[in-house]
Amino acid sequence: MINNWIPKLARIVNVRDETPDTRTFTLKFIDDTEFEFQPGQFIELMVFGYGEAPFSLTSDPDEKRYFELTIRKIGTVTSALFEKPLNSLVGVRGPFGRGWPLKKAKNRNLLIVAGGLGLAPLRGVIYRIIRNRRDFGRVVLFYGARTPADVLYKDELFMWRKHIEVYKTVDKADEEWLSCKLGYEGVVTILFDKISVEPEDTIVFTCGPPIMMYFVTRKLVELGFDKKSIFLSLERMMRCGMGICGHCTIGGIYVCKDGPVFSLEEVESLLEPTVEVKKIVP
Amino acid sequence: MRYFIIRRDNLRLFIDELVSDGYLVYGATRNGGYVEVKSGSDLDLDSVGVSKTLLKHILYPNNEVLYQYRFTDENIEIYDKLKELFNKKRVIFGLRACDLKAIEILDRVFLGKYEDPYYKARRENTLLIGVLCKEIGDKCFCYFVNSGPDVKANYDLFLTEIDDKYLVEVGSINGLNLIKDYRDYFTLASEELVSVKEKLVKKLVEEFKSMNYRSIDEVGKGLKELFESELWREYGDKCLACGRCNFVCPTCNCFNIIDELDDDLKGGKRVRVWDSCHFVGFTRVASGEVFRRHRASRVRQRIFHKYYYSLYEIGEFSCVGCGRCIEVCKANIDIRDILAREVLIT
Chain C
224 MINNWIPKLA RIVNVRDETP DTRTFTLKFI DDTEFEFQPG QFIELMVFGY GEAPFSLTSD
284 PDEKRYFELT IRKIGTVTSA LFEKPLNSLV GVRGPFGRGW PLKKAKNRNL LIVAGGLGLA
344 PLRGVIYRII RNRRDFGRVV LFYGARTPAD VLYKDELFMW RKHIEVYKTV DKADEEWLSC
404 KLGYEGVVTI LFDKISVEPE DTIVFTCGPP IMMYFVTRKL VELGFDKKSI FLSLERMMRC
464 GMGICGHCTI GGIYVCKDGP VFSLEEVESL LEPTVEVKKI VP
Chain G
1158 MRYFIIRRDN LRLFIDELVS DGYLVYGATR NGGYVEVKSG SDLDLDSVGV SKTLLKHILY
1218 PNNEVLYQYR FTDENIEIYD KLKELFNKKR VIFGLRACDL KAIEILDRVF LGKYEDPYYK
1278 ARRENTLLIG VLCKEIGDKC FCYFVNSGPD VKANYDLFLT EIDDKYLVEV GSINGLNLIK
1338 DYRDYFTLAS EELVSVKEKL VKKLVEEFKS MNYRSIDEVG KGLKELFESE LWREYGDKCL
1398 ACGRCNFVCP TCNCFNIIDE LDDDLKGGKR VRVWDSCHFV GFTRVASGEV FRRHRASRVR
1458 QRIFHKYYYS LYEIGEFSCV GCGRCIEVCK ANIDIRDILA REVLIT
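Keeping their order, the protein sequence lines are chains C and G. The numbering of the first sequence is this note's numbering, which starts it at 224 and goes up by one. The numbering of the second sequence is this note's numbering, which starts it at 1158 and goes up by one.
One chain only, chain C, in its complex shape:
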C-alpha cells in the first residue's frame, strides 16, 4: 500500500544565499529518482527532529534530477534547516496541489506579478516559458521587494531579460539602486502606472503577501482584466497536503488539494475573505 505519510529521503546538494535571511536549497533524492512536478505545486519538507513545513517548488520543472526550494528563515523548521550542513538528509512528501495553469497561457500574453518571496513559486513558470518561448506572446514580470537587499534571484533576473520583460521595484530604494537605475521605487502596483499592460488576451499569475495580492487584484480588475484570467497562489498552513487535516481551509475549500493556485473568480466567491483583510465580524 502506498503510504503518503512516509517522506522520501533527499540530500541537500547545494545552498545559495539569496538575501540575508533567504536561501535557495538544491535537493536530490538519495535513490537518484527523478522528481515530476508542476510549477506552483508544493512539498512538505521534513527536517528530522524538528518537524515538517510546506514549501513551494521553485526550480525548473524540466530539470528533474534535482529540485530547489527558496526558503526564508522564519520558524522552527526553517531555522533548523539553515543549520544543516551540505549533504544533510531531509524528508520530502509530495508534490501536492494544483499548480499554475500554464496551458491557459499558451499562445497568449502573460503578466506575472510577484512580491517578495512570492517570486519563488513563479520561478518554475519563468523557466518553462523560457524553454518554450515561442508558445507565449508578450511575457511581463513585475517584481516588488522591500529593499534592494531583499531582491531574490538577482543574477537570474538579468538573465531572464533576454527572454521576457522584467520590471523591478523596491519599497525603499538605496543610492546604488537609484544611481544605477536598477529599478523603480514604490510598491509593486506603481509598475502599472509606468508600464502599459493590456488586459486583452492576457493571463495573470500573481503571488505575494496577502495585502499585496489584494491591491494587485483590485488594480487588475480596475484595468479591465477578467477575473477568470487572474490566478493567485494562496498561503495557508498546509499540514498534511491531502485535504484531511483541516488547517488550510478557507470557506470550504482546501488550499492544499484544491489550490494553492486559484483563479480570482474562485476565491472571490468564497464566504471567508482570502486576500483581503476584512472586518472579521461586524
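Incorrect hints may have been included.
Unchecked claim - Computed footprint of chain G on chain C, listed as stretches where at least three residues anywhere in the stretch have a Cβ under 8 Å from a Cβ of chain G:
1) 239 to 250
2) 270 to 280
3) 459 to 466
As the list claims (entries may be wrong) - Label-pair distances were calculated between CB atoms; the ranges are:
4) G:E1382 x C:F305: 47 to 53 Å
5) C:I413 x G:V1485: 52 to 58 Å
6) G:V1430 x C:F305: 23 to 29 Å
7) G:R1371 x C:S311: 55 to 61 Å
8) C:E306 x G:R1371: 41 to 47 Å
9) C:K327 x G:E1193: 35 to 41 Å
10) C:D397 x G:K1270: 46 to 52 Å
11) G:E1382 x C:P422: 29 to 35 Å
12) G:F1243 x C:E259: 26 to 32 Å
13) G:V1485 x C:L309: 38 to 44 Å
To be verified - Coverage of chain G stretches by chain C, computed from C-beta distances (three or more under 8 Å per stretch; other residues unrestricted):
14) 1231 to 1243
15) 1366 to 1374
16) 1403 to 1414
Simulated from the structure, these hints should not be mistaken for laboratory data. Small disclaimer: the values here were computed from a predicted structure and weren't measured. Ideal Cβ placement from N, Cα and C applies to all residues, glycine included.
Given chain C, put chain G in place with the hints provided.
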C-alpha cells in the same frame, strides 16, 4: 433482508466468545465511553442517549505514531508504524444511529481522494454493531440532522431490544458472516418483530417531532446569508476556545502532526494529534499571520463547516446530532441554537 434474534443473556455470551476468539471488542460500559471490554458483562446495555465520551479514538486515535526514525552514521532509517496495524480484528458494539452516521462521515474524509492508510487499516478490520436507542437523551437531536433515530446505512449488524431479546438486522456481508460464525446464538426472526421495531422507531420520531427545532435541510442553505451575522460575535464572546467540542465530536477530524524526539536524541517519531479549529494557532503560518484571529470567526468556522461547507466537501452535513459538544461545553454554547434561533428563519 434477513432478520435474526439474539436473546439478551446470549448477547453477553456472544461478546465473551468474540473476546476469547481474539476480537478487540469496544463497547459502552457502565463507566461511560466506548472502551475495550474483556467480557460481555462489562457492557452497559441500558444507558440512555449516547455515550458521553469518545468514539472516534477507536478508528482514529489521538497521539497516533505515524512513523519512527533513527539517525545512523550516514543515513536516516524510517520505520513505518502502519505495518503493525494489520490483522487486528475489532468489533464496536452498541453504536447508536448517530455514531454510525459519524463513522460514515469519517469514512468519506479519510477514504476520499487521498486514502489515509492508518485509518483504512483499522476501518477495514472493524465490524460495527449498532443498537436502537430506547429513549431520547436530553441533548439528542439526531432526527433534525437526518442521522436518526433509525439507522440507514453503514452498519454490519443493528440490534433493537424487544422484551428479553434483540432483533438483529444485517447490513453487510461481513455482518452476515459474523452471524454464520456464531450461529448458535442467533435464530431467525419473524416478520412480526420487524413491525414492533418500526413502532418503536415511530414512537421516537413522534417524540422528536414534538421538539421545537427545524430540520437542517431547512436551515443549512439559509446559513450562507448569516455569514456576517451578529450571532457569531455573541458566540465568540462566550466561547473559551478550549476545543473540548472538537475533541468529543465524532466527526471532527482535524489534526496536527508533531515531532517527538527520543530520549537519546538519536531518533524520534511523527505523532498525529487531534487539533481544534477553536485554537488561535490553528491557522497560524510561520510568518506569524493568523487567518482566523477572532474567536467569533473560529466559532463560525466550526458551525459553517458542520452545516454548510461539508455539504460541498463530502455531500452531506457533518453534524450527527449526538449532543456531545453540548454536554461538554463549559460556556453553555448549544449547537442546537442554530436549529432553533428565530433569527435564522429570516
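Given a hinted range of 29 to 35 Å, is it respected by the beta-carbon distance of E1382 of chain G and P422 of chain C? Given about 33 Å between the Cβ atoms, the range holds.
Are at least 3 residues of the segment 459 to 466 of chain C within less than 8 Å of chain G when you compare beta carbons? holds (count 6)
Does the hinted range 23 to 29 Å hold for V1430 of chain G and F305 of chain C at CB? At roughly 26 Å between Cβ atoms, F305 of chain C and V1430 of chain G fall inside 23 to 29 Å, so the hint holds.
Take the C-beta atom of D397 of chain C and the C-beta atom of K1270 of chain G, compute their distance, and say whether it sits inside 46 to 52 Å. holds (49 Å)
For V1485 of chain G and L309 of chain C, compare the CB-CB distance with the range 38 to 44 Å and indicate the outcome. violated (51 Å)
So the hint says 55 to 61 Å: do the beta-carbon atoms of R1371 of chain G and S311 of chain C match that? holds (59 Å)
Does the hinted range 52 to 58 Å hold for I413 of chain C and V1485 of chain G at CB? Cβ of I413 of chain C to Cβ of V1485 of chain G: about 54 Å, so the range 52 to 58 Å holds.
I want to verify a distance hint. Is the separation of the beta carbons of E1382 of chain G and F305 of chain C within 47 to 53 Å? About 48 Å separates the Cβ atoms of E1382 of chain G and F305 of chain C, which means 47 to 53 Å holds.
Within 8 Å of chain C's CB atoms, at least three CB atoms from the segment 1403 to 1414 of chain G: coverage verdict: holds (count 5)
Range hint compliance [Cβ, K327 of chain C to E1193 of chain G, 35 to 41 Å]: violated (54 Å)
Three-residue Cβ test at 8 Å for the coverage of the segment 239 to 250 of chain C by chain G: Result for this restraint: violated, n = 0.
In terms of beta carbon proximity below 8 Å, does the segment 1366 to 1374 of chain G have 3 or more residues touching chain C? Contact hint for the segment 1366 to 1374 of chain G vs chain C: violated, 0 residues under 8 Å.
In terms of the numbered hints stated before, the structure departs from hints 1, 8, 9, 13, 15, listed from lowest to highest.
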